[in-house]
Structures are given as structure tokens and as C-alpha cells.
Amino acid sequence: MSENPIQNTSAQRPGENYFGAVLAVAWKDLAAELRSRELLSAMLIFALLVILIFNFSLQLDRTTRESVTAGVLWVTFAFAGTLGLNRSMAIEKDRGCLDGLLLAPVDRSAIYFGKAISNLAFMLIVEVIVLPVYFILYNPRNFFNPGFLGIILLGSIGYVAVGTLLSTMAVQTRTRDVLLPILLFPLVIPVLVSAVQASMGFLSGQPFEEILPWLNLLLVYDVIFVAAAFMAFDYVVEE
Amino acid sequence: MIVVKKLVKRFGLKTVLRGLDFAVEKGEFVALLGPNGAGKTTFLRILASLSRPSLGMVSIAGYALPAQSAAVRRRLGVVSHMPLLYGDLTAEENLQFYGRMYNLPELPARVDEVLEMVGLSARRRDLVRTFSRGMQQRLAIGRAVLHDPEVILFDEPYTGLDQDASEMLDGVLRRVAAEGRTVVMTSHDLARAGELASRFDILSRGVITASASQASLGKGNLLDFYKQALGA
Chain D
1 MSENPIQNTS AQRPGENYFG AVLAVAWKDL AAELRSRELL SAMLIFALLV ILIFNFSLQL
61 DRTTRESVTA GVLWVTFAFA GTLGLNRSMA IEKDRGCLDG LLLAPVDRSA IYFGKAISNL
121 AFMLIVEVIV LPVYFILYNP RNFFNPGFLG IILLGSIGYV AVGTLLSTMA VQTRTRDVLL
181 PILLFPLVIP VLVSAVQASM GFLSGQPFEE ILPWLNLLLV YDVIFVAAAF MAFDYVVEE
Chain B
1 MIVVKKLVKR FGLKTVLRGL DFAVEKGEFV ALLGPNGAGK TTFLRILASL SRPSLGMVSI
61 AGYALPAQSA AVRRRLGVVS HMPLLYGDLT AEENLQFYGR MYNLPELPAR VDEVLEMVGL
121 SARRRDLVRT FSRGMQQRLA IGRAVLHDPE VILFDEPYTG LDQDASEMLD GVLRRVAAEG
181 RTVVMTSHDL ARAGELASRF DILSRGVITA SASQASLGKG NLLDFYKQAL GA
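Those protein sequences? They're chains D and B, same order as listed.
If you read the first sequence in the numbering used here, its first letter stands for residue 1, the second for the next number, and so on.
If you read the second sequence in the numbering used here, its first letter stands for residue 1, the second for the next number, and so on.
Hints may be right or wrong, so weigh each one.
Said to hold, decoys possible - Rough simulated footprint, nothing fancy, chain B against chain D, three-plus residues with beta-carbon under 8 Å:
id, stretch
1, 100-111
2, 126-132
Claimed, not checked - Derived lysine to aspartate or glutamate pairs resembling EDC-like cross-links, with alpha carbons at most 20 Å apart:
id, chain 1, residue 1, chain 2, residue 2
3, D, 93, B, 156
4, B, 14, B, 28
5, B, 6, D, 239
Read the hints as simulated data drawn from the structure, not as lab findings.
Being a predicted model, the structure only gives us computed values, none of them experimental.
In this text, a Cβ means the ideal position worked out from N, Cα and C, and glycines have one as well.
Whenever a hint applies, use it, and build me the whole structure from the sequences.
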């Protein structure tokens, strides 16, 4: 055995490699997806189908449309996001790679944050493609409001923060495909409700004071769930 | 190097390990043998810090599990029948990724060295999903030794390998052991275990029922020892 390279490095100190590990996990997911495009294409096709089905099934006048389309948009993101979260974790489980990650000498929450960053990236890519389609189909007022785009980002962070943790739990069961939505949707109700209400507020040009409570709820939810996942991930992944 | 005392592991009402005692000296190659369901994989997962003991004491290289699991993981390599590799990354990218997770210095040189060791330098830029099972297992061993661990755990490493790949794996295992690493391997292949290991422990119904060194058994007596230990 040669002289152990690790013993001479900063890896001895806990937390030293934390951000390196977070970035390595995120990079690995993005590099693998860039090659296979399995996850993104499935999410994207599904999202486009959902938004088209809603468009053809809801024949709405202009006033009703304004109050409904934000919900349509978030239901589309939530369904496509669930598909992506399931697949992202299934890739780790199917070839035993989750064990490979857990064997690394880093705090396991680094794995959670790495996966959450890549899941968020996948969700944002899908949203960037779906949003113009949404604009063409539903023609909402104030679409280019930066506040609306900010809500999309905050809502996606909340959704991915919960979804990444729950998909890690669900992937360890035999019924992972059906279990994730059953666990996830009740927990993300606060994020979806506040994101829908805030999106609707920005799109219909409501005063900011009326949107602010929903924005606050969304922010608080994001912070709580990121913190909870940071603390709980180690227990979720260990047998 | 490895000390386990009165280890108990329960999954709900089912007790898999029942007060298991186990010790391995530095540089030993221990083959852990036993029938299906004896608890071999569960035991190895606890040693690898992938599973939490219900009761008992586990220490590797002086670090206790699960309290000092990060320190243990730094000194540990694991090879199982699953490759623990990403099919959509190349061989080189897989090793680079794990090298970053271990914060290895001079990573490109270390990746070159390991690819050379497992005989995959020529296929370094090929996607792992295009590899045969034997090549994937060689790369899995490369991943396990990338950070130069003191202890390596092999969980049924021969599963699914053909004759050529198994012989190739024999060579890699001999090399790993010759480098002075401590090795614990579970296997159903008594002939291969008999050739490679310096000690044989029989695990049955969650406890070690017998233990013998290669020297005390002599060549060709492992099967009799195994049957006797299981009361067959």
C-alpha cells in the first residue's frame, strides 16, 4: 500500500470538502444528463402535454383565465417536477450509486444539496422552455413582470427542497414511483398555494402589498424545508 | 484494524445479527462465508457505515461507528456485486467524480494510475454503460482503491462474472492484498476464497460459528470445515 494520499490532505478535517462535494454531485448529474437527456426530455414532453391538455379542455373567457392560468402553470411544473425527482433518484439507486455517494467521507447533507441543485437546474430548464408556450397559449397580462419570474424561482426552490428529501426516502421502497407523489403533494400544498396566489397577483397586476403575505409564506417555507432537509438527510439515507 | 463486539442488527421484529463478535488484524485477508440469509451483506453494510447497528460496538482503524463514520469512510473501500458507477459517465469521469468526493490531491495523476492498475487505460473515455460486466467490476475496484484505503470490503465480488473476468478479478484481489491492505470478502465461491484468503470465518444465523486460518486448515479442507461449521 502506498502512502495514503488522504492522510496528507485537508480531507482529514470534517467540512473541509463540503462545497467541493456539493458541486461534484451537481456536476455529475448535469454531465450525465447532458449525455442521456432521459430525464429532461421526459419532463419537458410531459410538461408540454399537460399545459396543452389544460388549454384545450378549459375554454375560458379573459377574466376567468387570469384567475386560473397561474394554477395551470404550477400544476404543470409540479407534475413534471415529480417525474424528474423520481428519475433523478432512481438513477442513484438502480446501480447502487447511492451507496457510492454515502461512502464518501463528507457530511451527507452535501449529497442532498448537490442533488437539490441539479434537480433545481432540471426544473428551471423545463420552466424556461414551458413559459414561452404558456405565454403563447394563455397570453397573460404582466407576463414579463420580474416579480412573477422571482416567484417561479422561489416556488421551484421550495418544491425541489421537499422533493429531493422525499424522493430519497421513496427510492428506497418498492413502490417508489407511486409513493413520491403521495408523500410530496400534501407537503408542498403551502408552496403551491402561495406560489399560485403570488403568481396570479403579479400576472393580474395586483398591488405588491396584497402579494407580500404569499411571498413571505413562500420564503419561510423555503427556509424551513432547506433547514429541515439539512438536518434530516443523514437519518433518511441510513438503514 | 477491525473490532466488532456483541453486534446486533434488527430490521423491525427480525433480528439479522445476534451478538456477533469479529476481529481482523492489519493486513489480514478474511473470507466471510455462509449460506444465503446468514447476515453477511448486512454485516458488511454496517462495517461500511451504510447501516446503523442496533446494539454493540464496531470500530475500524480505531474509529467507532456510527459516531466517527466520516473518519472510517476515509479509510475504507467497498466493492459489491453492484458497480456503484454511473453508466452515462466515462470511466475517467467516474473516477474523477469519486476523487472529488474524497478531496484527493493530484487527482488526474491518481486517476491515470488507477486506470492503468485495473487495465482500463485504453477505454478511459468510453461510457461505462458500454462496458462488459467484468470491465465494470474492474473499474469498481479502481473506484474502491482510488483513495488508497487501509481496509477494503468485498461483498460477493464475483457475482455475474464469467470465467475470464473472474480470473482477472483474482489477479486484482491478489494485488490489493499484497499491498498490505486489510480485506474482508463475503463469497459463496469456496474454491476462490480458499485460494485468496488468509482466514475463513463462517457466519450462520447472525453469529460467527467457526474461524480458521489458511495455515491451520491446509489446502483442500475448506469445504469440510465449512460443512462442519454449518452442521451439515
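Evaluated hints:
1. Figure legend: the stretch 100-111 of chain D, annotated as covered by chain B; annotation consistent (8 residues with Cβ-Cβ distances under 8 Å, at least 3 required).
2. Residues of the stretch 126-132 of chain D lying with their CB closer than 8 Å to a CB of chain B number 0, which falls below the three-residue condition for coverage.
3. Between residue 93(D) and residue 156(B), the direct Cα distance comes to roughly 18 Å. Compliance with the 20 Å bound is thereby established for this hinted pair.
4. At roughly 32 Å between alpha-carbon atoms, residue 14(B) and residue 28(B) are farther apart than 20 Å, so this suggested pair is violated.
5. With a CA separation close to 19 Å, the supplied pair residue 6(B) and residue 239(D) stays within the 20 Å bound.
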